[in-house]
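Residue numbers (the working numbering), protein chains in the order written: chain A, 1 to 497; chain B, 1 to 329; chain C, 1 to 161.
Calculated from the structure, these hints are not laboratory results. All of these numbers come straight from a predicted model, not from anything done at the bench. No residue lacks a Cβ here, since even glycine has one placed at the ideal position from N, Cα and C. Mixed in with the good hints, there may be bad ones.
[Said to hold, decoys possible] So, partial list: chain B residues that the calculated Cβ filter (under 10 angstroms) puts toward chain A:
| id | residue |
| --- | --- |
| 1 | Ala151 |
| 2 | Asn154 |
| 3 | Leu163 |
| 4 | Thr188 |
| 5 | Gly201 |
| 6 | Leu213 |
| 7 | Gly215 |
| 8 | Val217 |
| 9 | Ala294 |
[Unchecked claim] Keeping only pairs whose Cα atoms sit at most 30 angstroms apart, straight-line, the calculated BS3-like set for lysine-lysine is:
| id | chain 1 | residue 1 | chain 2 | residue 2 |
| --- | --- | --- | --- | --- |
| 10 | B | Lys230 | B | Lys181 |
| 11 | C | Lys87 | A | Lys429 |
| 12 | B | Lys152 | B | Lys322 |
| 13 | B | Lys181 | B | Lys152 |
| 14 | B | Lys152 | B | Lys140 |
| 15 | C | Lys87 | A | Lys103 |
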Amino acid sequence: MSSFDGLMHGFAIACTMQNLIAAFLGALAGTLVGVLPGLGPLGGIALILPITYSFDPTTGLIAMAGIFYGAMYGGSTTAILINVPGEVASAITCLDGYQLTRKGRAGAALTIVAAGSFVGGTASVLGIMLLSPAVSRAALMFGPPEYFAMLLGGLLIFSRISGGTLAAGLFPMTIGLLLATVGQEAVTGEQRFIFGINELSPGFTLVAVVIGLFAVAEIMHLVATKEDHIAPVSIKLRDLMPTKEEWRRSFWPMGRGTLVGFVMGALPGPPSSMSSFASYRLEQAVSKYRHELGTGAIEGVAGPETANNAAATATLIPLLAMGIPFGAITALMMSSLMIHGITPGPLLMVNYPDLFWGLIASMYIGNVMLVILNVPLVGVWVSLLRVPQYIFLPMIVLLTIIGAYSVNNSMLDVWLLPLIGCVGFILNKLDFRMAPMVIGLVLGPLVEKHLRESLILSGGDISTFWSSSVAVVTWIVVLLVLFLGYLVRPKEVAADD
Amino acid sequence: MKNFTRRQIALGGGALAGGLLLPAHADNYPQRDITFVNPWSAGGSTDAIVRQYSKLMEKVLAGNINVENRTGGSGTIGVGSVVRAKPDGYTIGYAGNSTLVYQPMVMKGLAWSKPEDLQPLVKLNSMPTLLAVRADSPVKDWADFLKDVQAKPNQVRVGVAGLRTSADLEMQQINMAARTKMRIVPFTGGSGESVLALLGGRVEAMAGYTDGLRGHVQANAMRVIAVFQKGRYEPFPDATPVGDQSGFTSATLLPACNYVIGPKGMPKEVLDKLVNGSRQVVTSDEFKAFAQRAGLVLDPMGPNEVRAELQRVVGTYETLIKYLNANKS
Amino acid sequence: MKTQSAFSSHSKRIGYFVTGAIGLLLSAAYLLLSRDYPFGSMDQPGARVWPTVVGLMMIVASLFVLWEAWWMQPTDQFELPAGAGAKRVALMIVLLVGYFAALEYVGQLISSAIFCVLFMRLASPLSWPRLIVASLALAGGLYVVFVVLLKIPLPKGIFGY
Numbered sequence: 001m002s003s004f005d006g007l008m009h010g011f012a013i014a015c016t017m018q019n020l021i022a023a024f025l026g027a028l029a030g031t032l033v034g035v036l037p038g039l040g041p042l043g044g045i046a047l048i049l050p051i052t053y054s055f056d057p058t059t060g061l062i063a064m065a066g067i068f069y070g071a072m073y074g075g076s077t078t079a080i081l082i083n084v085p086g087e088v089a090s091a092i093t094c095l096d097g098y099q100l101t102r103k104g105r106a107g108a109a110l111t112i113v114a115a116g117s118f119v120g121g122t123a124s125v126l127g128i129m130l131l132s133p134a135v136s137r138a139a140l141m142f143g144p145p146e147y148f149a150m151l152l153g154g155l156l157i158f159s160r161i162s163g164g165t166l167a168a169g170l171f172p173m174t175i176g177l178l179l180a181t182v183g184q185e186a187v188t189g190e191q192r193f194i195f196g197i198n199e200l201s202p203g204f205t206l207v208a209v210v211i212g213l214f215a216v217a218e219i220m221h222l223v224a225t226k227e228d229h230i231a232p233v234s235i236k237l238r239d240l241m242p243t244k245e246e247w248r249r250s251f252w253p254m255g256r257g258t259l260v261g262f263v264m265g266a267l268p269g270p271p272s273s274m275s276s277f278a279s280y281r282l283e284q285a286v287s288k289y290r291h292e293l294g295t296g297a298i299e300g301v302a303g304p305e306t307a308n309n310a311a312a313t314a315t316l317i318p319l320l321a322m323g324i325p326f327g328a329i330t331a332l333m334m335s336s337l338m339i340h341g342i343t344p345g346p347l348l349m350v351n352y353p354d355l356f357w358g359l360i361a362s363m364y365i366g367n368v369m370l371v372i373l374n375v376p377l378v379g380v381w382v383s384l385l386r387v388p389q390y391i392f393l394p395m396i397v398l399l400t401i402i403g404a405y406s407v408n409n410s411m412l413d414v415w416l417l418p419l420i421g422c423v424g425f426i427l428n429k430l431d432f433r434m435a436p437m438v439i440g441l442v443l444g445p446l447v448e449k450h451l452r453e454s455l456i457l458s459g460g461d462i463s464t465f466w467s468s469s470v471a472v473v474t475w476i477v478v479l480l481v482l483f484l485g486y487l488v489r490p491k492e493v494a495a496d497d
Numbered sequence: 001m002k003n004f005t006r007r008q009i010a011l012g013g014g015a016l017a018g019g020l021l022l023p024a025h026a027d028n029y030p031q032r033d034i035t036f037v038n039p040w041s042a043g044g045s046t047d048a049i050v051r052q053y054s055k056l057m058e059k060v061l062a063g064n065i066n067v068e069n070r071t072g073g074s075g076t077i078g079v080g081s082v083v084r085a086k087p088d089g090y091t092i093g094y095a096g097n098s099t100l101v102y103q104p105m106v107m108k109g110l111a112w113s114k115p116e117d118l119q120p121l122v123k124l125n126s127m128p129t130l131l132a133v134r135a136d137s138p139v140k141d142w143a144d145f146l147k148d149v150q151a152k153p154n155q156v157r158v159g160v161a162g163l164r165t166s167a168d169l170e171m172q173q174i175n176m177a178a179r180t181k182m183r184i185v186p187f188t189g190g191s192g193e194s195v196l197a198l199l200g201g202r203v204e205a206m207a208g209y210t211d212g213l214r215g216h217v218q219a220n221a222m223r224v225i226a227v228f229q230k231g232r233y234e235p236f237p238d239a240t241p242v243g244d245q246s247g248f249t250s251a252t253l254l255p256a257c258n259y260v261i262g263p264k265g266m267p268k269e270v271l272d273k274l275v276n277g278s279r280q281v282v283t284s285d286e287f288k289a290f291a292q293r294a295g296l297v298l299d300p301m302g303p304n305e306v307r308a309e310l311q312r313v314v315g316t317y318e319t320l321i322k323y324l325n326a327n328k329s
Numbered sequence: 001m002k003t004q005s006a007f008s009s010h011s012k013r014i015g016y017f018v019t020g021a022i023g024l025l026l027s028a029a030y031l032l033l034s035r036d037y038p039f040g041s042m043d044q045p046g047a048r049v050w051p052t053v054v055g056l057m058m059i060v061a062s063l064f065v066l067w068e069a070w071w072m073q074p075t076d077q078f079e080l081p082a083g084a085g086a087k088r089v090a091l092m093i094v095l096l097v098g099y100f101a102a103l104e105y106v107g108q109l110i111s112s113a114i115f116c117v118l119f120m121r122l123a124s125p126l127s128w129p130r131l132i133v134a135s136l137a138l139a140g141g142l143y144v145v146f147v148v149l150l151k152i153p154l155p156k157g158i159f160g161y
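Just chain A, with the same shape it has in the complex (with noise of 0.2 angstroms):
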């Protein structure tokens, strides 16, 4: 079956009513699922998990794909508004988004996000149809030497994401990678820096650490400084949409997100969560407007979200092609396959025609519905910042720890907040730059299990990780990118002084 005949096909089974109602269904829970912080896409998808045995497999998959995609639309929602990233990847998000609601800006980033996800969504769904074979290839290509090359060099790349000096972004960097070896280690099944705290055992939950960083520090200044309101709010349609010049700006962002996005994740082994800061820092690197990044940029949103929908939608590749979850939404959606029988492998596409066209044409519909649903929420959210400080406080705060407490139903990540809250606000104060600890945070572990996989794979043979020409050029390209910053770098910070 020919692509094109397949997803003609694929949408006569996506527009049944029973899909086009799950296919909706899904996408707004995920956007409430997205915007509660904590709570997220996973939570959702295990609590309609048994709902969709009733139904037959493309419903149930088309529910929880809904759901996924949907998430990635609403977990920037909280983190424009209120400095509350909804999950990890919208961490990046709030740095500018944030910036932008107070300048009176929170409608249009709202609108330039739902934008750019319909674009990495839909652009992503087109990489699923054409690329997959191509991608099943290529993570064949990429093992523990050639990741462990990739994301070291993520992790010095990254360490200058959010501009300031070295110090700023290094500094807390060292921090994230220190809180993220506490836990059980992975390899030997060594508890490290416990202290007799089983809670511990599985580390830090990342995000309660980011939900602490971001929003408790940020309602910390806010109960310091007893504002009014958070931000001047109007509700003129004008002011609620972009302007000409943020439509304009967004452009390019928007491209670039999709593409880096969509590699960050097929590949299995970069966290599909970073796909939104690997924009960022993209955009850092080589938009016009750079300089303005942090301060309430339109490139620092528009990227990054692109990347996120991107990416969500690109992580169903190996599933779908290849039959392997990676992650554990992908993993779940599996777990449902398998309940009806069926099992899911590189002959899927094969043997159920039905289920993957099926599914892909539904991807397209759901991204419509998902854009037709979050413009004019657009005003609803906005409207939300009028209520008055001493209400919207104590609900965030207790949102947050309602977040924190769903993920592992664990009293540690409550009492975490305020703790990393306190940490991150000093820090805050002089000029460190949180974004990096995050990025620490994720990518430590895997840089670590990268290293000792390749070491134990090749018995030790420390050649292992410039031996396949993958590695060579991975480790050129990290070189390179990171040699190109010095040369750029001495315009950003006459900007940034």
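Please arrange chains B and C on chain A, whose structure you already have, making use of the hints.
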């Protein structure tokens, strides 16, 4: 008259308060939602069977069951929370034999140390470990593989998904029993990683379970050459049952066995309802059909049989641990 | 928008020196603690390898911080809350700690309601009756949405809520 009435009121009030605060009377069990703790992350191989069991149990018990994932510590955090829970029948959980028996031997401070410290309810299934190679591998079958491993000590790499999971322990057992030196490489990102490593040629073989391998075997990307149990394994009839060969007694076979457990000390009526309900679920046609589709081998067992089975594995694990400690570099 | 009296200025240079020093101490403690774990061998790297790398990286980062402190202008300032602002933040932290401690005993619904009342008192000029109504509405509303509708397990106190 006044005193009597006051005492009556006091007694009545006390009974009322007692009734409110005491755990639910077993006759009406379940009176509220039951929490089912899955100590593995959502979407693992365990997820499907946990949810299937809960779905069917809900019907049998006429109640609501909420599946909660409490991960960490190779399953010990979730299992620990079940063992420590109030024994009122509203917290039960899922546990595998490696978490129940192996982990207390190597981890300190767990809520249980022997199978007697908790209440098994039913055995859900056995998942024998499978050994797979890439379809184009020169190794044709188990005999070939064994020869290969014996000829090249420390060179043949076998990927497993996760440290000290049953697949990992199984391969260590084989190393011990056959006196071979396979290099066992744990991939900590779930079965997907070890599959990818095998397909990409980074390891020569991988040890895993049916659900992660079936699709690839169907697509002719992999072959399953051995199954670590006695007797033919239906999903892969061509795989050599290693348990049938000399030198590999059943003591060296460690299939992943999964149970439903509860805390010790539940009231008899509640326990009976749970045990009988579980037995009903596990022997039902619907569950059997599900197991068939998912390639699981059902092995219904009640609490006493489970205890006995766990006890049998204790010796095996102890020997294995001694061997592993002796060989640690 | 910002009330200047809520913050007081401090020398950024000193702030950086202190941070750098703390960083060095932290890395030293971290490296010392990681001695508990084995290095393993080249073909079986142990749990100590990566923490050693991280500890060294942290030392380097702390040195960078100290370096920047050395070259910083003595007139560079940073702000910390002071006076009324500091009191509010401190009170908020105390409230949070109390709230978390109460969560396990009294349950989410009641703790949240009490927290709301006290927090709003801290952050706003509303009168007590209005505060209590608003808090109950907020805590109650969130309870309904999360615990009842979405069935998300939250700490239940001895009263079962």
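Checked hints:
1. About 16 angstroms separates the beta-carbon of B/Ala151 from the nearest beta-carbon of chain A, more than 10 angstroms, and the hint is not met.
2. Checking B/Asn154 against chain A: minimum C-beta separation of about 7 angstroms stays under 10 angstroms; hint holds.
3. For B/Leu163, the suggested interface contact is upheld, since its CB lies about 5 angstroms from the closest CB of chain A, less than 10 angstroms.
4. Taking 10 angstroms as the C-beta contact cut-off toward chain A, the hint placing B/Thr188 at the interface holds, the least distance being around 4 angstroms.
5. The beta carbon of B/Gly201 comes within 8 angstroms of a beta carbon in chain A, closer than 10 angstroms, and the hint placing it at the interface holds.
6. Because the smallest distance between the Cβ of B/Leu213 and any Cβ of chain A comes to about 9 angstroms, under 10 angstroms, the interface hint for this residue holds.
7. Taken as an interface hint, B/Gly215 checks out: its beta carbon lies about 2 angstroms from the nearest beta carbon of chain A, inside 10 angstroms.
8. At about 8 angstroms, the closest approach between the beta carbon of B/Val217 and any beta carbon in chain A falls short of 10 angstroms, and the interface hint on this residue holds.
9. Nearest Cβ of chain A to the Cβ of B/Ala294: about 5 angstroms, under the 10 angstroms cut. The hint holds.
10. The straight-line distance between the Cα atoms of B/Lys230 and B/Lys181 is roughly 23 angstroms, inside the 30 angstroms bound, and the hint therefore holds.
11. For the suggested pair C/Lys87 and A/Lys429, the alpha carbons sit about 17 angstroms apart, so the restraint of at most 30 angstroms is met.
12. Of the supplied pair hints, the one linking B/Lys152 and B/Lys322 holds, its CA atoms being roughly 24 angstroms apart against a limit of 30 angstroms.
13. About 8 angstroms separates the Cα atoms of B/Lys181 and B/Lys152, which keeps this hinted pair within 30 angstroms; it holds.
14. Taken as a hint, the B/Lys152 and B/Lys140 pair is honoured in the structure, with Cα atoms around 17 angstroms apart against an allowance of 30 angstroms.
15. The suggested pairing of C/Lys87 with A/Lys103 holds, with an alpha-carbon distance near 28 angstroms, which does not exceed 30 angstroms.
When the structure is compared with the earlier hints, a violation turns up for hint 1 alone.
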